[in-house]
Every structure is written in C-alpha cells, then in structure tokens.
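A.B. asks: Heads up: the sequence lines are chains A and B, in that order.
This note's numbering applies: residue 1 is where the first sequence begins, and numbers increase by one.
This note's numbering applies: residue 1001 is where the second sequence begins, and numbers increase by one.
Treat the hints with care, as some may be off.
To be verified - Mimicking DSBU-like on lysine-lysine, the simulated pairs with C-alpha atoms at most 35 angstroms apart in a straight line are:
{"id": "1", "chain 1": "B", "residue 1": "LYS1050", "chain 2": "A", "residue 2": "LYS180"}
{"id": "2", "chain 1": "B", "residue 1": "LYS1152", "chain 2": "B", "residue 2": "LYS1050"}
{"id": "3", "chain 1": "A", "residue 1": "LYS100", "chain 2": "B", "residue 2": "LYS1202"}
It is worth saying that the hints were derived from the structure and are not from the lab.
On a predicted model such as this, the values are computed, not experimentally measured, just so you know.
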Amino acid sequence: MPELTYREALRTTLIEEMDRDRAVVLLGEDIGLYQGTFRVTADLLDRYGPTRVIDTPISELGFVGAAVGMAMLGLRPVVEVMTWNFALLALDQIVNNAAKVRYFSGGQVDVPLVMRGPNGAGVQLSAQHSQSLEALFGHFPGLYVVAPATPAEARGLLRTAIRGKDPVIFLENAALYGLKGEVPNGAFALPFGQAEVARAGRDVTIVAYSRMLHVALTAADRLAAEGIQAEVINLRSLRPLDIGTVAGSVARTHRAVVVQEQWRPYGAAAEIAASIYEQAFDELDAPVERVTGADAPMPYARNLELLAVPHEDDIVRAVKKTLYAS
Amino acid sequence: MSAMEAKARVTPARHTSLGLSDQDVLDMYYYIALARALDERMWVLQRAGKAMFVISGPGHEGCQVAAVWPMDRTRDWLVPFYRSIAACLVKGMSPTDLLLGLFARANDPSSGGRQMPGHYGHPGVKILSTSSPVGTQYPHAAGIAYAAKIRKTGEVTMTAIGEGGTSQGDVHEALNWAGVYKLPIIFVVENNAYAISVPLHKQVAGGSVAARATGYGFPGVVADGSDVLECYRVAKEAYDRAKRGDGPTLLEFKVPRLGSHSSDDQQERYRTKEEIEADRTRDPLRVFGAYLDGVGLLTEAKRTDVAARIKREIDEATDAADRAPSPDPASAARYVFFEKD
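Only chain A is shown next, with the shape it has when bound in the complex:
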C-alpha cells in the first residue's frame, strides 16, 4: 500500500473518480488556477479543463444552488467550500433544497452532491473559520455526514460519497491535510455508518472522530503507561452513526468517554452519549463522560485558542473519572 498524505488521498480519489465518470465535476472558490486553498485540487484544472473544474464567483449560496441543479440533472458535482464556516451562507440551499429534493419528489429525483472542505479549528483562524459544524448538519434528515480521520478514510469515504445518490457533507480537517498514512489502491471504498476499533482495550471506551481521534489515541497511550487500557472507537461517520460498534465496546469495558472538538450543548457527544444510554444502559458502571471544547466562539489569540479545544489531559481526566480514580 502506498503512503499518501490526507490531501493526496483526497486529490487522487478525485482524479480516479473524474477519470471513471465524466459526470463528476468540481466547483469552488479558487480551486482551478489557484489549486484550492489547501491544494486538494492541485493541477486538476490542467487535467480536466474549466468546464469540469469550475472556479466560481465568491457566492456560496449561488454555487451550491447551481450544484443542486446540476445533481438533479445527473451530474455528480463535488463542491469545495473554502471552509465549512462559509457554507453557512449556503445553508438554505443545503438544508431546504439538497436535503429535501428526494423527499419532495416522492423519491424520484437523486441529488448526488458532495460538499467537502475543512471543518473545525485550525491555528489562529478565529471564530468564523474554526467552527466544528457536524452537529448542525447531522441534525437534518436527507444529509449524510462523514468525517475522515486518516488518509485511507479520506479516500474510502470520498469514493463512497461521489458514487452515492444523496447529498454528502464531507468534513475534512485543516490540521490533517499533511497527515501521512497507508492508503489502499484500486476501488477501495468505505461504507458510511461503519465505525472501527482504532485501538483495543478492556477498561474504558473512548469515542472520537476526525482530529480528535488522534488526540484520543495519544491519551490512550498515556493511560496505558498508567496501566489503564482504553479502547478507542473511530466513528468515521456521524450520520448514520454506528452505535452498534460503540455499544459493543461499552459492553466489554462498561465505561465510556465521548470526545468532540467544540461546543457541548446539543453537540455530537450529547447524541452519542444518549445513544449509549439507550443501547447499553445496563452495561454501564459509571455515567458517560463528555470531553468538549469551550462554550465560546473560537478566539484568535493563541493562548485563548489553546484553552478552547480539548487536549489529551482532558481525556485522561475524563477516563479516570469514569474509573473513579484520580
């Protein structure tokens, strides 16, 4: 298996899918000549030309709407949002249109639309570039929401997204674009709604996704040094949520910590924790702990920003709380 960066895994998958299917087109701000803010679309304009790699005006509402129309007509648009924060400008097209066209057409019309770009905190990008919006999009029926944490997942989930028939909210992470990892070749695809056990352990289950997976794995290493064996579940997909894998793990460990990068109220961790209670209440030996970010817009100053997102210490503390240890 070749080793690729997360960025390269995304880019090569776009190339494979564009070579395979002429219906796949890319839209976004500065994705052509400029090759994308995070260079995911490097040289794709040269390869496929301006009719398939479309540099749009700065107009999220407009170009997401255009992409919905293209998808209804049988194209497979892959929209790059410069950051998911800017997709809020297009929320009406995503929520009121893309997510509901199938429903409103009595199941007759497909909307094979993929929207992808960085989600969550970067480094000093302040509150309007740093939000983690998975809970928002995960709320709406009609949208798939996935959040790859590794280069292999970036490829496998993107392929599934592009070949699907429904809108997909594809949440990348700015801090992960340079991450390297082994990526299977060929038609490798990962189904939505299937979590993985990223690390096996018997004492506690830590549930995470996207960048927080890596924080959780580091925390698990530290816990192991203290004799605590944590099992780490990598969700990969927020909607559908693979609660079966999570509950199966809790049945072995009897304790659970759920990690998300940002705001606690109505967040993904709340949904996951509630699902654990519904599926595995009798297995629990302690209340489910949530590790979340600060309940404030993301500050710009680096010292404040570091305080606003969870770190390994926070996860270690939460694990010990479920073990009634200090």
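Go by the hints and put chain B onto chain A.
C.D. replies: Coordinates of chain B only, in the frame set by chain A:
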C-alpha cells in the same frame, strides 16, 4: 519660473476648484502615506513572526481617503472591509488601534483578540466590524442607514467591499433594499480586478459593477482609484446626495492591486510580472505625490518631514501594541452573552 510653474499660478489647481484647501490635500497625502507605511509594517511584523496573519490593501488607499474625506467623522458610519486600513485611519482609528488587533491584544478595540486581524471595528468612532464571508457587511450597512433614516439623525453610512464580494447574494439584497427605501448610504466597491486569484472577467458578468446600480434605481459611478481628486469629487457628490435625502450611490473605484490577497497568498502564482509592474505605475501614493509636487505643495523637504513623522508614529504604535498584554485567560469565556455587573 518654469512654464509649468507659471501655468500653475494662473490656472486654479484642481483641488482648489473642488473646494479643498492646500492643507486638506496635504493631510490626505499624509493619510495615504500613513496607511501604506502601516500596511508595510504589518507585513514586516507578520514575516518576522510577530503576527500570524495580515490582510491589507496596498493600492486602495487613495480612493479610501478620498471617499471618507467628505464624511462627518464623528457622526457618520463606516462599515469597512478587510482592506480598509486607510478608511479606518481617516475615520478615527489610530495606528496603535490597528496594531493591537494585529497582535490580538486584550485592548484591541476591534475584538479584544477574538477576531482575525483586518476585521476593523471601533464603535467609539462609529466603525462597525464585518465578518470574514465577504458581502455580509452590505446588508448590515443598509440596516444602519435604514435606522438613521427613520430616526432622522442625518447620519450617512458608507460601506466598502471588493469587486469579488459583489458576486454574493447579500450585495444584491442590500442594494435593492437601499434603492427601495432611498437610504442615505454610499456603497463603495474597490475593484482591484482580482478576488484572490479569480480575475474580473470570471467574477463580474458584464464587466461593470457600477452599471448594476441603474437596475436598483440609483447612480453607479466609476472613478480611477489612482486619481485621488476624482475619487473625492464623486464621493463628495454621493455624500451630498445622501445628505439631501436623494438616496444611495454606488461608487466603483478601479484600483491597482499592489500586493497579494493576504499573507497566506503569493500573487506571482497567478499574475504576470508585467501586469504587476503595470499596476505599480498606478500607485495612488505616487500619482498623488506627483500632483502635489506639480502644484508646488509637496517639496522634497516636506516629503521628508511627512515620512519622518509617519515613521515615528508607526514605531511608537508598534512598541505600544507590542507591549500591550494578551487577553486574560480568565476572560476566555466572556462576551458570549450580556454580562450583568
């Protein structure tokens, strides 16, 4: 006495016929030069690792100073965008205010270190900050102008944007709103022909933003952003029109783009050397300086004085902002909701 000097004596200088005094135009030159020097300092500080991010507007200063010049700086509103360094300086922010934002200091008047640099705001001098998604300030400004109109305060609102931002739906909604309600507002479009890397012809159908104003029922005026006095002339007309209650004006200033989009960009990746060089000949600082020289106002000694004053001011501002404390970690969760004492 040279022929040119003789001509200058018999024909009234352009600025005089526009009602601007010699001191006015020297002050305008000072602000253009101050904004440019502050802009350059910000980039030096960013490259030196003292700041994470810079976004600025070299080449835009002339039209900004000219546009704000007719305004009542204590009464009127400015809703800027992230290239509005010169506009904010004229409106009343100090170089220190701007650098406190660059360094994300606790006493940054724009946001107390919460917002990225370049998102200038200062309620004290009636500047309202805008958000990073471009275009959203236009509806805000229309709302402010609406409030001013129904309250009969006589305040005029000016907002600014790049030509790229005019592709946003928000801009259409704001222009329409302002036209419908005949608001006391000036919509400035600083057209530098690039939105990051996307050129004008891919951004603006028909090639002219100003022409769109006709559809909204108010004048759209194009001016050369390098010609500071022409910018002032059209801005003064727009301001008087707003004051009279005759409604909005859209001003499209064609400005050179003398720098990259931001510190995260290199414009050499998508612009030719020739084009970048050609833009330099349109630098408003140079063009306006040459005009003032031609009418005998900006002597070599005067130019040296201004440069020295600006350097001193910016050095002092840099030191003050650098010494200022970062936000108190204990304040991290504050300013989310109204805080009772």
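A.B. asks: Decide, hint by hint, whether the structure agrees.
C.D. replies: Hint-by-hint comparison with the structure:
1. B:LYS1050 to A:LYS180: holds (30 angstroms)
2. B:LYS1152 to B:LYS1050: violated (45 angstroms)
3. A:LYS100 to B:LYS1202: holds (31 angstroms)
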